[in-house]
Amino acid sequence: MDDLLSEFLTETNESIGIVDASLVVLEQDPSDESQIDNIFRLVHTIKGTCGFLGLPRLEAVAHAGENVLGKIRDKELTVTADVVTIILEAMDVIKDILATIEETEEEPAGNDADLIARLNDVAFGTSSAEAAPVAKTEEDIPAGKVSEEELEAAFQAAEGPDEELRPGEVSLEELEAAFQAAEGPDELPEPAVEKKEDDASETAKPAAERAAKESSIANQSIRVNVQMLENLMTMVSELVLTRNQLLQMVRGMDDNEFTVPLQRLSHVTTELQEGLMKTRMQPIGNAWSKLPRIVRDLGHELGKKIDLVMHGAETELDRQVLELIKDPLTHMVRNSADHGLEMPKDRTASGKPETGKIILEAFHEGGHIIIKISDDGRGLNSEKIKKKVIENGLASESELEGMSKQQIQNFIMRAGFSTAEKITNVSGRGVGMDVVRSNIEKIGGTIALTSEEGHGSTFTIKIPLTLAIVSALIVECCGERFAIPQTSVLELVRASTNNSSDHTIEMINDSPVLRLRDHLLPLVHLNEIMRLETAADEVADQSEVKGAEEFIVVIQVASFVFGIVVDRVFDTEEIVVKPIAPILKNLSIFSGNTILGDGSVIMILDPNGIAAVSGDAVVNSDSSREKEETNQTLKQEDKIALLVFRAGGKDPKAVPLSLVARLEEIDVASIEEANGKKVVQYRGQLMPLTTIDDNVTIVEEGRQPVLVFSDHDRTMGLVVDEIVDIVEDYLDVEMISERDGFVGSAVIRGKATDIVDVGYCLQKCFGNWFGGNETRPFGQGSDKQKILLVDDSPFFRNMLVPLLKTAGYDVSTAENGVDALKKRDSGENFDIIISDIEMPGMDGFTFAEEIKGDDRWNETPIVALSSHTSPDDFDRGRAVGFSDYVAKFDRDSLMSALTQTLKASGSSK
Amino acid sequence: MTPSNMQDYVTILIADQLFGIPVLEVHDVLRGLKLTKIPLAPAEVAGALNLRGRIVTAIDVRKRLGLPELENDEDGMSIVVEHQGEPYSLMIDNVGEVLSLDMNELQPTPVTLDSCWKEISGGVYRLEKKLLVVLQIERLLDFAGNSTIAA
Numbered sequence: 001m002d003d004l005l006s007e008f009l010t011e012t013n014e015s016i017g018i019v020d021a022s023l024v025v026l027e028q029d030p031s032d033e034s035q036i037d038n039i040f041r042l043v044h045t046i047k048g049t050c051g052f053l054g055l056p057r058l059e060a061v062a063h064a065g066e067n068v069l070g071k072i073r074d075k076e077l078t079v080t081a082d083v084v085t086i087i088l089e090a091m092d093v094i095k096d097i098l099a100t101i102e103e104t105e106e107e108p109a110g111n112d113a114d115l116i117a118r119l120n121d122v123a124f125g126t127s128s129a130e131a132a133p134v135a136k137t138e139e140d141i142p143a144g145k146v147s148e149e150e151l152e153a154a155f156q157a158a159e160g161p162d163e164e165l166r167p168g169e170v171s172l173e174e175l176e177a178a179f180q181a182a183e184g185p186d187e188l189p190e191p192a193v194e195k196k197e198d199d200a201s202e203t204a205k206p207a208a209e210r211a212a213k214e215s216s217i218a219n220q221s222i223r224v225n226v227q228m229l230e231n232l233m234t235m236v237s238e239l240v241l242t243r244n245q246l247l248q249m250v251r252g253m254d255d256n257e258f259t260v261p262l263q264r265l266s267h268v269t270t271e272l273q274e275g276l277m278k279t280r281m282q283p284i285g286n287a288w289s290k291l292p293r294i295v296r297d298l299g300h301e302l303g304k305k306i307d308l309v310m311h312g313a314e315t316e317l318d319r320q321v322l323e324l325i326k327d328p329l330t331h332m333v334r335n336s337a338d339h340g341l342e343m344p345k346d347r348t349a350s351g352k353p354e355t356g357k358i359i360l361e362a363f364h365e366g367g368h369i370i371i372k373i374s375d376d377g378r379g380l381n382s383e384k385i386k387k388k389v390i391e392n393g394l395a396s397e398s399e400l401e402g403m404s405k406q407q408i409q410n411f412i413m414r415a416g417f418s419t420a421e422k423i424t425n426v427s428g429r430g431v432g433m434d435v436v437r438s439n440i441e442k443i444g445g446t447i448a449l450t451s452e453e454g455h456g457s458t459f460t461i462k463i464p465l466t467l468a469i470v471s472a473l474i475v476e477c478c479g480e481r482f483a484i485p486q487t488s489v490l491e492l493v494r495a496s497t498n499n500s501s502d503h504t505i506e507m508i509n510d511s512p513v514l515r516l517r518d519h520l521l522p523l524v525h526l527n528e529i530m531r532l533e534t535a536a537d538e539v540a541d542q543s544e545v546k547g548a549e550e551f552i553v554v555i556q557v558a559s560f561v562f563g564i565v566v567d568r569v570f571d572t573e574e575i576v577v578k579p580i581a582p583i584l585k586n587l588s589i590f591s592g593n594t595i596l597g598d599g600s601v602i603m604i605l606d607p608n609g610i611a612a613v614s615g616d617a618v619v620n621s622d623s624s625r626e627k628e629e630t631n632q633t634l635k636q637e638d639k640i641a642l643l644v645f646r647a648g649g650k651d652p653k654a655v656p657l658s659l660v661a662r663l664e665e666i667d668v669a670s671i672e673e674a675n676g677k678k679v680v681q682y683r684g685q686l687m688p689l690t691t692i693d694d695n696v697t698i699v700e701e702g703r704q705p706v707l708v709f710s711d712h713d714r715t716m717g718l719v720v721d722e723i724v725d726i727v728e729d730y731l732d733v734e735m736i737s738e739r740d741g742f743v744g745s746a747v748i749r750g751k752a753t754d755i756v757d758v759g760y761c762l763q764k765c766f767g768n769w770f771g772g773n774e775t776r777p778f779g780q781g782s783d784k785q786k787i788l789l790v791d792d793s794p795f796f797r798n799m800l801v802p803l804l805k806t807a808g809y810d811v812s813t814a815e816n817g818v819d820a821l822k823k824r825d826s827g828e829n830f831d832i833i834i835s836d837i838e839m840p841g842m843d844g845f846t847f848a849e850e851i852k853g854d855d856r857w858n859e860t861p862i863v864a865l866s867s868h869t870s871p872d873d874f875d876r877g878r879a880v881g882f883s884d885y886v887a888k889f890d891r892d893s894l895m896s897a898l899t900q901t902l903k904a905s906g907s908s909k
Numbered sequence: 001m002t003p004s005n006m007q008d009y010v011t012i013l014i015a016d017q018l019f020g021i022p023v024l025e026v027h028d029v030l031r032g033l034k035l036t037k038i039p040l041a042p043a044e045v046a047g048a049l050n051l052r053g054r055i056v057t058a059i060d061v062r063k064r065l066g067l068p069e070l071e072n073d074e075d076g077m078s079i080v081v082e083h084q085g086e087p088y089s090l091m092i093d094n095v096g097e098v099l100s101l102d103m104n105e106l107q108p109t110p111v112t113l114d115s116c117w118k119e120i121s122g123g124v125y126r127l128e129k130k131l132l133v134v135l136q137i138e139r140l141l142d143f144a145g146n147s148t149i150a151a
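In order, the protein sequences belong to chains E and V.
Note that the UniProt record's numbering has the first sequence beginning at 1, numbered continuously upward.
Note that the UniProt record's numbering has the second sequence beginning at 1, numbered continuously upward.
There may be inaccurate statements among the hints.
Beta-carbon label-pair distances, calculated as ranges [claimed, not checked]:
| # | chain 1 | residue 1 | chain 2 | residue 2 | range |
| --- | --- | --- | --- | --- | --- |
| 1 | V | 130 | E | 275 | 50 to 58 Å |
| 2 | E | 31 | V | 28 | 36 to 44 Å |
| 3 | V | 115 | E | 30 | 36 to 44 Å |
Source of the hints: derived by calculation from the structure; they are not laboratory data.
These numbers come from a predicted model, not from an experiment.
Using N, Cα and C, we set each Cβ at its ideal position, and we do this for glycine too.
Build the full structure now, drawing on both the sequences and the hints.
Written out as C-alpha cells, the structure reads:
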C-alpha cells in the first residue's frame with residue numbers, strides 16, 4: 001500500500017477516535033471552546049488530506065461536517081444532541097469508508113448526498129430542511145442562502161470529479177496517468193498503472209490472503225509513546241554513567257578479569273545509547289516528503305504553476321518536535337500556494353515569471369532550528385489586513401494608526417483571522433496561521449513574518465533545540481561550568497590583558513573590546529552577565545593577576561558577532577538538552593540544562609539570551625554614553641578594510657579589501673606569454689597579469705605575490721612586490737591622482753598611501769584583451785544605459801565610475817541629492833540611479849522620496865548603496881521606493897542588481 | 001474516628017521547627033549530592049542536581065522561610081518532591097519519623113505568623129511536645145513572583 005495512504009489511514013482513524021470522544025464531551029459541556037476548536041481542526045485536517053489523496057467521497061462528507069463544526073465554533077449554532085448526532089453519523093460514514101479503503105485501497109462507490117444535505121441544513125439554517133433532500137437528488141448543493149450556494153457551487157466546480165462523476169474514478173485515474181507521464185516515475189511512490197493491476201489482482205485474491213496482507217502492513221511499524229522513549233533515554237543515561245564509573249574503577253588495575261566483559265558492556269551501552277538517540281532524531285525531510293505532491297495537486301486544483309524548492313532537508317530534528325511542526329508546515333505551504341501566489345496571468349502582468357516559487361529552508365542557527373517558508377507571490381496587503389482587523393474587532397482604527405507595518409502584518413496570526421476573500425476548499429477558514437502559531441509556541445518556538453506587497457512573504461519559524469541533541473563547548477567561569485551550543489560558536493581566541501599574547505583585550509569606557517583581524521569584537525564577561533563573583537575572584541582582582549590569560553568564545557547570533565570571556569575552556573561534549581525547570585523559565589540566558597558524562601548537572605547558555613542581555617546593557621546605559629556609542633558606530637561605518645601592499649617603490653599602496661577576490665602567490669616559472677602579455681594558468685583559465693606601473697619587477701625565480709581581482713567570469717592578477725597588511729581605517733582621499741592607475745592618495749596608518757584604481761587595472765587588462773565579446777549589461781544595444789551615481793565620497797565616485805564604465809554603462813555623477821535633483825530640473829534623464837544612503841544635506845531616503853514624489857523621474861529605478869544592510873534599513877529602503885539595496889563594495893551584487901533592475905523596469909515599460 | 005481521617009506525615013526539622021509533608025508526596029530522601037549553581041536564579045533556588053539521570057531543582061527551604069543559612073551545610077538533607085511533573089529537592093536540616101495524624105486535629109494557621117510562613121503553612125498539629133507545621137509544597141514552590149531574579 002502507498003506509504004501516504006497507510007499513514008493517512010492510521011492518522012485518520014486516530015483522529016476520528018479523538019473526535020468521537022471530544023464530541024461526547026462537548027455535548028455534555030457545550031461551553032468548552034477548546035473542545036470545539038480541537039474537533040474542528042481534526043475534521044479540517046481529515047478533509048484536507050482526503051482532497052490531496054483523491055478521495056472525493058470522504059472529502060465531501062468531511063467538508064459538510066466541517067461546515068457544521070465551523071458554525072458551532074463561530075457560535076452561530078448551539079450544540080444540541082441533534083447536531084452532535086448528525087456529526088457523529090458523519091464520522092461513522094467516514095469510518096466505514098476508511099475500513100473499505102483499508103481493504104481495497106479504493107474508495108467505495110456510494111452516495112452520501114442525503115447525509116451531506118442534512119449536514120448542510122444544520123449548518124446553513126433549517127428553513128429548507130425538508131425541501132433540500134427532496135429537491136436535490138444527486139446534487140448535494142444545499143438550498144441555503146444564495147451566497148452559500150454560490151460558494152458551494154464554486155467548491156464543486158473546483159473539486160473536479162464529485163458525486164455525479166462517481167463511476168468517474170476513470171477520470172481521476174486519467175489525471176493520475178497524465179501526471180505520471182508529465183512528472184517522471186520518481187515523483188510518485190506508486191505508479192497508477194501498477195495500482196490498477198494491484199486492485200485487479202486484489203479482488204481476485206481469496207479473503208484470507210487479503211487479511212494476511214493487511215496484518216503485515218500493520219506490523220511494519222508500531223507507534224510508541226514518546227514518554228516511553230523518554231524513560232528509556234533516562235535509563236540509558238544512567239547506564240552510561242554507571243559504565244563510566246566502572247571503567248574508572250578498573251582503569252587503575254591492569255590485566256583484570258573484568259576488563260573484557262566491561263569492554264563489551266561499554267560497547268553495547270554506547271550502541272544502545274546511539275540507537276535510542278536515533279529513534280528520536282529524524283531529518284526534517286520526512287515532514288517535507290508529502291509536500292511536493294500536495295503542492296502539485298494544489299497547483300492543479302487552483303490552476304497555478306508552482307515550483308517548490310527545498311533546502312536543508314537533512315537537518316535533524318527531534319521526532320517530537322517534528323511531529324508537532326509537520327501540520328503547521330503543511331498548512332503554511334498550502335497557505336503560500338493558495339493565498340500567497342497569484343494566478344499565472346496576474347504574475348505575468350506584474351512582470352514575474354509565470355511559475356510561482358515556494359522556498360522551504362531548514363538550518364541550525366544559534367542553538368535553534370530555523371525553518372523558512374518564502375514565496376514570491378503577492379505579499380501581504382496591509383490595507384486589507386487593517387480592514388479585516390477592524391471588521392473582526394481585533395483592534396480599533398486608532399490603535400492601528402500607531403502600529404508599524406510589521407505589527408499589522410502580524411495580525412494574520414491572530415485567532416479568527418483569514419485574509420482569503422472567499423473560503424476555498426484549500427485553506428482560509430481561519431484555521432490557519434493562528435493554529436500554526438499556537439502549535440509552534442507550544443514547543444517554545446517563535447514565528448516571524450516579513451512581507452513586501454507584490455514581492456512575496458517569508459515566514460521564519462524558530463524552534464529551540466530543547467529536545468534535540470547538540471554538541472556543546474564546555475567552559476568554566478568562576479569555578480562554575482557552562483555549556484555553549486557548538487552551533488553558535490565561531491572560534492576560540494586566547495587573549496591577554498597585558499600584551500603577552502597576540503590578542504589583547506582593550507577597554508573603551510569600561511567596555512571590553514578585542515581587535516580580531518579586521519574587526520573590533522565587542523566582549524562580554526561571562527561572570528558579569530551571570531553576576532558571579534567568587535571570593536577567589538576578588539582576591540585575584542586585587543592582585544591584578546586576573547585576566548593575564550583569558551579565553552574568548554566568539555559567538556554569532558544572527559548577524560551579531562560578539563565574544564564571551566571565560567576563564568577556561570574544556571572539551572566539547574554531545575549533550576541531550578533537557579528543558580529547564582519551570583520556575584526558572586524566565587532566565588533567558590539558559591536554553592536548558594543537561595547531565596555531563598561525569599554525572600554533574602550543567603547549565604546550557606543561550607547565545608541569543610546573552611546577546612539580548614548584553615544588548616540591554618547598552619540600552620540601559622546613560623544617555624551620554626549612548627550618544628558616544630552612536631558616534632562611535634557612525635565613525636566605524638566609515639572605516640573600510642584596506643589591503644596595503646608595496647609595488648614599485650617603497651611607498652605603500654592600498655586597495656579596498658572587498659574588491660580583492662583572492663591573494664595568491666604564484667610560481668614565477670609558471671608565467672607564460674600570450675598575445676604579448678603575461679598570463680598564468682589559474683583555476684583552469686588563463687589569467688592575465690598586470691603591474692601597477694613599469695617599476696614593478698617580476699622576480700627571476702621563486703614566488704611572486706599577486707592580488708586577484710575578479711569580475712564575473714573574468715579574473716586578472718595584479719603583480720605586487722609584497723603584501724604588507726590588512727588595516728581598517730578611514731578612507732579620505734586627500735589628493736586626486738593625475739597618474740593612471742591611481743585614484744589618489746590618503747593617509748593610512750599615518751603614512752601617505754596611494755590608492756589603486758582597480759577599474760583602471762581591469763580596463764588595462766580587458767580593454768582590448770576581451771575586446772568585443774565582453775559581457776554586456778542588459779539591454780545593451782546601440783545606445784548605452786545611462787546611470788546616475790549619487791555619492792558624497794569622491795573616493796567611491798572614482799572607484800565606481802571606471803567599474804561601471806568598464807561594464808558598459810554611461811555614467812554621470814552627482815555629489816549629493818540636491819545636485820542630482822538639479823540634473824533632473826535641467827531635463828536630464830537616466831535609466832537607473834544608484835544612490836548612497838548617508839549623505840550630508842539630503843540623505844538617500846529623502847532623495848528617493850523626492851524622486852518618487854515627482855513624475856519626471858518616478859519611473860526611474862533607484863538602487864541604494866549603503867554600508868547599512870540591516871533588514872530594517874532594507875525595509876525602509878524598499879518603503880521609500882528603492883528597487884534594490886546593495887552593500888557598498890559588494891561589486892558583484894551591484895552589477896547583478898543593476899542588470900536585474902534594468903531588466904525589470906525594461907519589461908514593465 | 002475513621003481510618004480515612006488519618007494522614008501520614010514525614011516530619012522534617014528546619015531550625016528546630018518541626019514540619020510535616022504528606023508521606024505520599026515524598027519521593028526520595030537524599031544527602032550530600034553535588035549541586036550545580038544556577039546563576040541569576042531566584043535566591044531560593046540553590047541549584048540543580050542529578051538524581052539518577054533526572055535533573056532536580058534544589059530549593060533552599062531556609063531561604064524560602066527567611067531563616068539564616070545552616071552553619072554546616074554538609075549536615076543538611078534533602079527530600080525530593082514532585083510538583084506538576086517536575087522534581088524538586090527541598091534542602092532541610094533533618095528528616096524525622098513518619099507520624100500518623102488525625103486530620104480532624106489540624107488547627108488553622110495562626111494569623112500572627114510571619115507572612116512567608118503563613119503562605120506555606122497548611123495548618124498546625126499540636127503534638128505532645130512540639131507543634132508541627134504542615135508544609136504546602138505547592139505554595140512553597142510558588143516564589144516566582146518574588147522577582148528576586150533581577151537581584
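C-beta pair residue 115 of chain V, residue 30 of chain E: status relative to the range 36 to 44 Å that was hinted: holds (43 Å)
Between residue 31 of chain E and residue 28 of chain V, does the C-beta distance stay in 36 to 44 Å? For residue 28 of chain V against residue 31 of chain E, whose Cβ atoms are near 42 Å apart, the range 36 to 44 Å holds.
Determine whether the Cβ-Cβ distance between residue 130 of chain V and residue 275 of chain E falls within the hinted range of 50 to 58 Å. Once the Cβ atoms are compared, 55 Å apart, the range 50 to 58 Å for residue 275 of chain E and residue 130 of chain V holds.
This entry satisfies every hint, going by the numbered hints stated previously.
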